[in-house]
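Visitor: Residue numbers (numbering that gives the first Met the number 0), protein chains in the order written: chain A, 0 to 580; chain B, 0 to 280; chain C, 0 to 227.
What the hints contain is simulated information worked out from the structure, not anything from laboratory work.
These figures come from a predicted structure and were not determined experimentally.
Treat the hints with care, since some could be wrong.
Result set (DSS-like, lysine-lysine): computed pairs, CA atoms no more than 30 Å apart in a straight line [stated by the list, open to error]:
1) K292/A - K11/C
2) K292/A - K104/A
3) K70/C - K163/B
4) K445/A - K104/A
5) K70/C - K292/A
6) K292/A - K157/B
7) K199/A - K292/A
8) K11/C - K157/B
9) K199/A - K572/A
Listed below are the residues making up each chain.
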Amino acid sequence: MVSIAGLSAALLVTLLLVPELFGDFAAYQTGLFLIYAIAGQGIGYLWGRTGVLPLGQAAFFGISAYASAHVLLSIQSIYLQIACFCLIVLTAGLLAFLLAGTVFKGRSDSGPYFSLITLALAMIAEQIAGTATDLTGGFNGLSGFAPIAGLDQFGNLYYLVVIAVVLSTLALLTLERLPAGLVARSIADNEPRLLLFGFKTHWIKGAAFALSATLAAVAGILFANHQGIVTPTSSGFLLSANLVIWTAVGGRNHVLGPVIGAVGIGYLSSELRDSVAYWEVILALVFILVVLKVPGGIAEIVTGIFQRFYSFTSHTVSKSVLVPPSWQGKPAQSLSFTGSRVRAGSVTVLNGVELVTPKQGVVCIIGPNGAGKTSLLNVITGGLRLVEGELHYGGQKIHNRPPYAAVKSGIARKLQVPSVFSSMTVSENLAIAMLAGRAGFTDFFKPSTLRWRSQRLSDLLATPGIPLLDGIHHRVSELPQGHRQFLELAMTTASAPGLLLLDEPCAGLSPAETRHMTDVISQFHEANGGLILLIEHDMSIVRALADHVIVMHQGAVLAEGSFDEIRANEAVKSVYAGGTK
Amino acid sequence: MATLLILNILWQVSVLAIVTIGLAVVFGQLRIMNMAHGELVMIGAYAPVMTSLLGLPGYANIVVCLVTVGLIALLMERLVIRHFYGRAFDSLLATWGLSILLRETVELIFGRGYQSVPQYVPGTFSISGTDYPLYRLVVMAGIIPIFAGLYIWYRKSKIGVEIKAMVENPSLAQACGINTSRLSAGCFIFGALTAGVAGLLLAPTIRVEPMMGLDYLIRSFFSLVIGGLGSFEGLFIGVGIIAGAQSTLGALFNQTYGYLFILILSIVFLWLRPDGIYRRS
Amino acid sequence: MTGSQLGFSEIKCGYGDTQIIHGISGRVNAGETLGVFGRNGVGKTTLARTLVGEIPLSAGAVSLRNDDIGKQLPYERRRMGLSYMPQTGLVFDNLTVRENLSLANSSLSPETYFEIFPRLGERLDQPAGSMSGGERKILSFVRVMLEEAQVIVLDEPSEGVQPENIECMQQCILARQSLGCSFILIEQNLSMLMTLSSTLLGLESGRVVFESERNTCDRSDLLSVLSL
Numbered sequence: 000m001v002s003i004a005g006l007s008a009a010l011l012v013t014l015l016l017v018p019e020l021f022g023d024f025a026a027y028q029t030g031l032f033l034i035y036a037i038a039g040q041g042i043g044y045l046w047g048r049t050g051v052l053p054l055g056q057a058a059f060f061g062i063s064a065y066a067s068a069h070v071l072l073s074i075q076s077i078y079l080q081i082a083c084f085c086l087i088v089l090t091a092g093l094l095a096f097l098l099a100g101t102v103f104k105g106r107s108d109s110g111p112y113f114s115l116i117t118l119a120l121a122m123i124a125e126q127i128a129g130t131a132t133d134l135t136g137g138f139n140g141l142s143g144f145a146p147i148a149g150l151d152q153f154g155n156l157y158y159l160v161v162i163a164v165v166l167s168t169l170a171l172l173t174l175e176r177l178p179a180g181l182v183a184r185s186i187a188d189n190e191p192r193l194l195l196f197g198f199k200t201h202w203i204k205g206a207a208f209a210l211s212a213t214l215a216a217v218a219g220i221l222f223a224n225h226q227g228i229v230t231p232t233s234s235g236f237l238l239s240a241n242l243v244i245w246t247a248v249g250g251r252n253h254v255l256g257p258v259i260g261a262v263g264i265g266y267l268s269s270e271l272r273d274s275v276a277y278w279e280v281i282l283a284l285v286f287i288l289v290v291l292k293v294p295g296g297i298a299e300i301v302t303g304i305f306q307r308f309y310s311f312t313s314h315t316v317s318k319s320v321l322v323p324p325s326w327q328g329k330p331a332q333s334l335s336f337t338g339s340r341v342r343a344g345s346v347t348v349l350n351g352v353e354l355v356t357p358k359q360g361v362v363c364i365i366g367p368n369g370a371g372k373t374s375l376l377n378v379i380t381g382g383l384r385l386v387e388g389e390l391h392y393g394g395q396k397i398h399n400r401p402p403y404a405a406v407k408s409g410i411a412r413k414l415q416v417p418s419v420f421s422s423m424t425v426s427e428n429l430a431i432a433m434l435a436g437r438a439g440f441t442d443f444f445k446p447s448t449l450r451w452r453s454q455r456l457s458d459l460l461a462t463p464g465i466p467l468l469d470g471i472h473h474r475v476s477e478l479p480q481g482h483r484q485f486l487e488l489a490m491t492t493a494s495a496p497g498l499l500l501l502d503e504p505c506a507g508l509s510p511a512e513t514r515h516m517t518d519v520i521s522q523f524h525e526a527n528g529g530l531i532l533l534i535e536h537d538m539s540i541v542r543a544l545a546d547h548v549i550v551m552h553q554g555a556v557l558a559e560g561s562f563d564e565i566r567a568n569e570a571v572k573s574v575y576a577g578g579t580k
Numbered sequence: 000m001a002t003l004l005i006l007n008i009l010w011q012v013s014v015l016a017i018v019t020i021g022l023a024v025v026f027g028q029l030r031i032m033n034m035a036h037g038e039l040v041m042i043g044a045y046a047p048v049m050t051s052l053l054g055l056p057g058y059a060n061i062v063v064c065l066v067t068v069g070l071i072a073l074l075m076e077r078l079v080i081r082h083f084y085g086r087a088f089d090s091l092l093a094t095w096g097l098s099i100l101l102r103e104t105v106e107l108i109f110g111r112g113y114q115s116v117p118q119y120v121p122g123t124f125s126i127s128g129t130d131y132p133l134y135r136l137v138v139m140a141g142i143i144p145i146f147a148g149l150y151i152w153y154r155k156s157k158i159g160v161e162i163k164a165m166v167e168n169p170s171l172a173q174a175c176g177i178n179t180s181r182l183s184a185g186c187f188i189f190g191a192l193t194a195g196v197a198g199l200l201l202a203p204t205i206r207v208e209p210m211m212g213l214d215y216l217i218r219s220f221f222s223l224v225i226g227g228l229g230s231f232e233g234l235f236i237g238v239g240i241i242a243g244a245q246s247t248l249g250a251l252f253n254q255t256y257g258y259l260f261i262l263i264l265s266i267v268f269l270w271l272r273p274d275g276i277y278r279r280s
Numbered sequence: 000m001t002g003s004q005l006g007f008s009e010i011k012c013g014y015g016d017t018q019i020i021h022g023i024s025g026r027v028n029a030g031e032t033l034g035v036f037g038r039n040g041v042g043k044t045t046l047a048r049t050l051v052g053e054i055p056l057s058a059g060a061v062s063l064r065n066d067d068i069g070k071q072l073p074y075e076r077r078r079m080g081l082s083y084m085p086q087t088g089l090v091f092d093n094l095t096v097r098e099n100l101s102l103a104n105s106s107l108s109p110e111t112y113f114e115i116f117p118r119l120g121e122r123l124d125q126p127a128g129s130m131s132g133g134e135r136k137i138l139s140f141v142r143v144m145l146e147e148a149q150v151i152v153l154d155e156p157s158e159g160v161q162p163e164n165i166e167c168m169q170q171c172i173l174a175r176q177s178l179g180c181s182f183i184l185i186e187q188n189l190s191m192l193m194t195l196s197s198t199l200l201g202l203e204s205g206r207v208v209f210e211s212e213r214n215t216c217d218r219s220d221l222l223s224v225l226s227l
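Excised from the complex, chain A in its bound form (with noise of 0.2 Å):
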């Protein structure tokens, strides 16, 4: 908490102290670089935290900056003109929301084409704002109004600048350090396994991008007042691309990336534009070496010469917080697949699978490899649709539904190749589990929610030869594989789930792990109970585990029964013997 007030307080009396030091012009200049910083920032976070990289946040701001010249030019009263401002900034988020949302529903891969799709509307606007002279003065542009209240735009408009950009800075960097922060950066880092978390990512990317519309729109509205005139080039191809510029070189991954980039690229410029013939040629040979060399841009290597005096790695353990229930954990009920059926292109995966599993207790679910065991999983998690039959869990259809969906009826999934967030902590990682079928809307905005920890996940932790513990503070990326096998599962069974579905748990771990898994998934289900469904292929493991054996080949259940019946059936005998590690 001490360095976010700390920053944005350093922020502010640098800020206030250009006009003193450098007189009424300077500052003039700065506050129209601070502006398209504001814009910036929303690009960093939306491009650095999420992943995604908007390319034309010129259509918002420019937009903006065109509506509020109407708005300057029409309306004398100084409260109607703050309403119709506050009225651009929440249209412009709300427009973003509603696009990004719509976009990205229902795919989670369309990244690069949603940055072309805001290119595309961002070379519309320009489009207009040169033709439809009626309403935007084509070429020439709006002007000839003054700024609000009153304010002299060579003078104290800037200390209205400098609120607009400490106050956003204040913004973004608490949010960072909120729930929802970390919930935006996991996005980035493997939104499939967000999804089966629970989470709506699509809506989540959609607020994330209205976050930076919202800031495009307020550095637009301050545009306006500042230069007093507004033309095409601000709503279109060339801004939307300075931008990032700025961004990428003053870096993406901070918060006062853009302010520094933004300012320093601009005064740099209006110094040496003129008297530098080839500052162009300079300025695109840095922006393309700090793409290639730093990505994280100037603040990277800020932060970096900061860090080799203070640590800031401090790594106190704070008190974990117990949790409040999970409203994953119902009863579990029991599954039933009638005539279901799976294609893939022209391979049938599933067909025709009739089965109803016990409400309780371990199902081990064995086959060939290629029989639709981990497509059955999948059809249950909504990873493929049934393009024939029905799946019911108790009296619920719930085939052929988005993936987020599970975690409501209380369904949690582990994939055969460890799905976590690899970019991150052990402990961020258990943190986003935590938050799954348990956090509200308001949970996300409480820094408390981030020390969440059930009794059941710190027991799971302390198990002698879980070896997460040690390497907590460290990043997934640096585990091996193995590991990620106990981090997955000790974040799948967070949520206390009614249905476990577990993919391969063992797979890619020694005989001596292959018993510390072994040992804690039949621990979780002592305590828990509930229906789990495994799938596994070392006989050793089913004997030891299962309470029901299904044997599944060419997509349909060949038999089930208990562990000695399944030994002792002839049909299964001819097409799967098993054998142990």
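Fit chains B and C to the known structure of chain A by using the hints.
Guide: Structure of chains B and C alone, referenced to chain A:
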């Protein structure tokens, strides 16, 4: 009038196809969002200017074009591009920087003004009563066998599979014995050279100036978006729609409508059908 | 190191500043298999990636027959006769089964393998990504077996593969061994290791802690290394 419109559409489609084929390789195959593609077209268009400055005869144009663009592409690939395979966004930013660099450098050398390039094949040819520039007809007729050849070669050779393998998993591709650094450099330079040749072919029909690249970049980019990446069929569908719609709407109404139509169409595709019209199974 | 197909001595390597392998030596003769085992995170995969050239050596030497290959790039090592089946990212998901196999660049016919693993033959024109985890292991295995190599490095080929198919893999490996091909086999599956290996190498924290001929050790020796 109708003949002229059809010929103009065919000309626009042909020209855009030549510009787009290189981007299809670099963006569609290598997944490098090359924002400097238009600048490579622009440098190709400056080749005749360089040739006459050097005092070389007209037929040296093609050599000057290939050598200049090839060298620039080699430098771009070795120094910058090869760090960005598999990183679409970062490649976009880096090539954005490269595009500014190339543009500003050309401006420093040749100045901001228009250069006019003399017609390589003067004269007109009459088709059903309409006089049409002979040069354009020659170019249109010439690109058909070139594209057919490329198509057959791509289908027959294993290079398509190797490129796809390299883009999906470079280290596994290496483990399969593919020299990934040579393959990727080869693809990039091929893409750049076709852009350069496109510029050279366009030069006598347009005004050559440092800013000319952006328009070609945008149109070829959106052609690929609409048509779909990674196939010849998609390329021609996309190019046909973009060039056809733009010249038709441009002729019937005005250029702005044509441009807006392309942008809106692209948004619809990016949103609802990001794989483009021609989607491979 | 005469007589050995692949030899490595005192190799050290790691990622960035972190050293993971602290001096490991070993060799494999023609027609034999060197089995490598150890707990998760002891450096088995790092060793494999170093041998095939994906991770640069920081010290030590790797030789393929009589050639020093410590500085060769992965594709050069492949062309010199060293094949590699990685643990993850082991097939090209976007390519079809046929295209994946075509990258073996082999004159050998895949038909014999389609008889052993019929699913592959049935799915030649499906994208590899549409297949299950175990089937992808098999596809990758077959691709590597098709490659005309003298030494093959296999990183956990049996993970997620059904027991019958593990048995088939073992038969394929034995058949290639009898033709003089050598293997470096990294496995958690002890029975597979015991069946195929002539020499066993146990790793712990990037060092060799166990080295024995197959016929002078048994399963319990291996288990004791794994529970270190």
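Visitor: It remains to establish, for every hint, whether it holds in the given structure.
Guide: Going down the list of hints, with the structure as the test:
1. K292/A - K11/C: Given pair K292/A, K11/C holds - Cα atoms ~28 Å apart, limit 30 Å.
2. K292/A - K104/A: Between K292/A and K104/A the Cα gap is close to 35 Å, so the pair fails against 30 Å, i.e. violated.
3. K70/C - K163/B: The hint holds at about 27 Å.
4. K445/A - K104/A: holds (27 Å)
5. K70/C - K292/A: Answer holds: K70/C to K292/A is near 25 Å, not above 30 Å.
6. K292/A - K157/B: It is violated: about 35 Å lies between the C-alpha atoms, which goes past 30 Å.
7. K199/A - K292/A: At roughly 35 Å apart (the allowed maximum being 30 Å), K292/A and K199/A break the hint.
8. K11/C - K157/B: violated (37 Å)
9. K199/A - K572/A: The hint is violated at about 44 Å.
In summary, the numbered hints that this structure violates are 2, 6, 7, 8 and 9.
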